[in-house]
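Top to bottom, those sequences are chains B and G. 92 is the number that my numbering gives to position 92 of the first sequence; each next residue is one higher, with no gaps. Positions in the second sequence are counted from 1; adding 293 to them yields my numbering.
Hints may be right or wrong, so weigh each one.
[As the list claims (entries may be wrong)] Using 30 Å as the maximum straight-line C-alpha spacing, the simulated DSS-like pairs for lysine-lysine come out as follows:
1) G:K452 <-> B:K56
2) G:K374 <-> G:K351
3) G:K351 <-> B:K252
Don't read these hints as lab results, they were simulated from the structure.
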Amino acid sequence: MTSTRSHLTDEKKALKKAQQRRYPIFAFVLLALFLVTALFGPWFAPHDPNAQDLSKSLRPPFWSENGSTENLLGTDSLGRDYLSRIIYGARVSLLVSVVAICICGSIGVLLGLLSGYFGGWTDTLIMRFTDTWMSIPALVLAIAFVSLLGPGLRNVILVIGITAWTGYARIVRGEVLSLKTLDFVSLARAAGCSEPRILFSHLLPNVVNTIIILVTLDIGRIIIWEAALSFLGLGVQHPTPAWGLMLASGRKFITSAWWLVTFPGVAILMTVLGANLTGNWLRDVLDPKQKLR
Amino acid sequence: MKRYFIKRILQAVVTILLIMVLIFFLSRALGDPAVLFLSEDAGPEQLEILRESFGLDKPIWVQFVRYFTSAARGDFGRSFKWEEPALGLVLSRVPATMQLAITAVLFSATFGITLGVFTALKRDTWLDRFGQSLALFGQALPHFWLGLMLILLFGVHLKWLPISGREHLSNVIMPALTLSAFTLASVTRLTRSSMLDVLNSEYIKMVRIKGVPERTVILRHGLRNAAVPILTLIALQFSYLLGGSVIVETIFAWPGVGRLAIEAFFRRDFPVIQVVVLFMSFVFVFMNLLVDLLYAWIDPRIRFR
Numbered sequence: 001m002t003s004t005r006s007h008l009t010d011e012k013k014a015l016k017k018a019q020q021r022r023y024p025i026f027a028f029v030l031l032a033l034f035l036v037t038a039l040f041g042p043w044f045a046p047h048d049p050n051a052q053d054l055s056k057s058l059r060p061p062f063w064s065e066n067g068s069t070e071n072l073l074g075t076d077s078l079g080r081d082y083l084s085r086i087i088y089g090a091r092v093s094l095l096v097s098v099v100a101i102c103i104c105g106s107i108g109v110l111l112g113l114l115s116g117y118f119g120g121w122t123d124t125l126i127m128r129f130t131d132t133w134m135s136i137p138a139l140v141l142a143i144a145f146v147s148l149l150g151p152g153l154r155n156v157i158l159v160i161g162i163t164a165w166t167g168y169a170r171i172v173r174g175e176v177l178s179l180k181t182l183d184f185v186s187l188a189r190a191a192g193c194s195e196p197r198i199l200f201s202h203l204l205p206n207v208v209n210t211i212i213i214l215v216t217l218d219i220g221r222i223i224i225w226e227a228a229l230s231f232l233g234l235g236v237q238h239p240t241p242a243w244g245l246m247l248a249s250g251r252k253f254i255t256s257a258w259w260l261v262t263f264p265g266v267a268i269l270m271t272v273l274g275a276n277l278t279g280n281w282l283r284d285v286l287d288p289k290q291k292l293r
Numbered sequence: 294m295k296r297y298f299i300k301r302i303l304q305a306v307v308t309i310l311l312i313m314v315l316i317f318f319l320s321r322a323l324g325d326p327a328v329l330f331l332s333e334d335a336g337p338e339q340l341e342i343l344r345e346s347f348g349l350d351k352p353i354w355v356q357f358v359r360y361f362t363s364a365a366r367g368d369f370g371r372s373f374k375w376e377e378p379a380l381g382l383v384l385s386r387v388p389a390t391m392q393l394a395i396t397a398v399l400f401s402a403t404f405g406i407t408l409g410v411f412t413a414l415k416r417d418t419w420l421d422r423f424g425q426s427l428a429l430f431g432q433a434l435p436h437f438w439l440g441l442m443l444i445l446l447f448g449v450h451l452k453w454l455p456i457s458g459r460e461h462l463s464n465v466i467m468p469a470l471t472l473s474a475f476t477l478a479s480v481t482r483l484t485r486s487s488m489l490d491v492l493n494s495e496y497i498k499m500v501r502i503k504g505v506p507e508r509t510v511i512l513r514h515g516l517r518n519a520a521v522p523i524l525t526l527i528a529l530q531f532s533y534l535l536g537g538s539v540i541v542e543t544i545f546a547w548p549g550v551g552r553l554a555i556e557a558f559f560r561r562d563f564p565v566i567q568v569v570v571l572f573m574s575f576v577f578v579f580m581n582l583l584v585d586l587l588y589a590w591i592d593p594r595i596r597f598r
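When you get a sec, could you build the whole thing from the sequences and use the hints?
Now the structure itself:
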């Protein structure tokens with residue numbers, strides 16, 4: 001039976017726990033691995049990811065029979081070294097996630113700021129638009145956009161950017177709604193600050209913490225998104241190495257070459273896990289009240 | 294209660310109309326509708342004929358009105374590639390997708406709620422930590438990859454389950470499991486925190502003081518009160534599921550609406566894509582409406598907000 005006393009001190013306990021929290025070493029290692037691979041991959045990739053050699057087609061990883069240490073993770077149907085392709089694939093994931101987050105973050109934060117600060121018709125209009133946008137399943141909306149714009153790396157970044165902003169808008173709006181009642185806003189107005197100034201120099205810095213948390217938690221989602229779109233053929237195109245695309249190509253050989261569909265997925269999983277765990281830790285550090293259990 | 298119902302239903306209708314407006318402007322702004330509706334290799338005369346028949350040479354507001362009047366008749370254009378009305382084509386694939394989505398929701402709700410309740414009850418034990426790790430893992434997992442791994446394990450190695458098509462009932466198991474993974478982690482987490490909230494409340498203490506057996510406390514009093522946000526989540530996740538069905542249906546060659554959308558994409562068949570977008574949005578709005586109305590019926594406090 002839960003005692004009343006433990007309930008009262010739960011919040012205190014959690015705050016203390018958050019402050020004493022150790023760093024999530026595992027998460028940092030995964031994230032660091034991803035960043036290092038994406039940024040410096042070309043220097044330590046064993047082979048050229050696009051170099052085809054049909055005589056080495058569909059070699060299994062080095063620990064299997066018929067495998068060789070020349071291709072540690074085996075080769076694909078065109079004889080390209082799989083490990084190198086996975087290393088280069090990290091670059092696409094990093095590029096897409098960074099740029100797409102910049103786009104959707106900017107759109108979302110801007111709309112949230114405007115909506116929360118001005119209220120009234122602006123708020124109603126923007127929120128209605130956001131709700132409408134959110135009512136369309138994101139992947140289907142992405143398909144519609146890509147069918148209008150065409151596939152490819154540049155367009156997939158754009159499409160993710162314009163479909164993923166709704167969460168930012170809503171949350172920033174919520175923050176602004178509570179912030180604008182505080183004194184520093186009315187003081188700024190009384191001092192003669194222009195509205196843009198209030199928005200960007202006063203309100204925005206106070207929502208930065210929230211934005212950082214949202215962004216870190218979103219990196220993983222966007223990496224999976226890009227992989228999903230490339231998997232379906234809507235995103236990055238051949239011969240660019242991208243994890244989602246590699247899963248799609250490998251699918252044809254699932255009965256004979258298990259490594260083709262396994263390793264890119266493991267790469268995605270490890271990267272997203274690292275990003276999510278880091279995001280959770282960051283959220284605990286920056287806003288411990290949110291995590292009481 | 295009636296006023297709230299009417300208000301909510303009207304809101305839903307407006308949202309659907311807004312989505313239709315959005316699609317109208319998107320397709321006009323981003324592409325040449327004539328090319329979209331006909332084909333890339335159509336000659337200039339064919340395009341001109343189509344433009345005239347679609348009224349694309351008329352002012353935008355005329356096109357706008359025509360768009361809605363034909364939609365009211367159920368005419369959303371004709372699939373050039375399949376040579377059928379787009380709406381009929383999409384509707385024919387709906388039963389398959391619904392079967393998949395509903396099975397996925399059942400899996401997700403059953404496993405998610407069970408795991409969530411257990412981890413809430415055994416808080417801070419190894420089971421709780423295991424459950425939470427599983428949920429974290431689940432949210433980091435690319436679900437299309439999970440589908441591929443399931444095929445590899447149960448289809449290729451163990452040969453227990455069929456890996457594509459829709460011939461038997463057993464065909465639905467792997468696709469539904471894969472699709473349920475989308476929402477399983479969130480349902481588990483929410484159930485856990487919702488149960489913890491409820492179990493710490495005053496009336497639960499009262500019920501325990503009364504001497505009610507623990508199982509009744511948990512199920513009848515605890516879970517029932519915790520159920521509302523969980524149901525809301527499941528309904529909201531339905532939208533995510535519909536989107537996810539595109540991937541899952543592609544992997545398992547399931548003949549549903551999602552797969553149709555991808556096929557339509559590769560055949561540049563925009564009328565079909567348009568109808569798929571509208572259909573899925575309609576289902577999502579409808580689900581939300583249903584949940585809101587159910588919510589208001591269960592919890593009278595909401596109606597008077």
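Verification of the supplied hints:
The suggested pairing of G:K452 with B:K56 holds, with an alpha-carbon distance near 29 Å, which does not exceed 30 Å. Only pairs whose Cα atoms come within 30 Å are accepted, and G:K374 paired with G:K351 is accepted, the gap being roughly 26 Å. Straight-line distance between C-alpha atoms of G:K351 and B:K252 comes to about 48 Å, which puts the hinted pair past the 30 Å bound.
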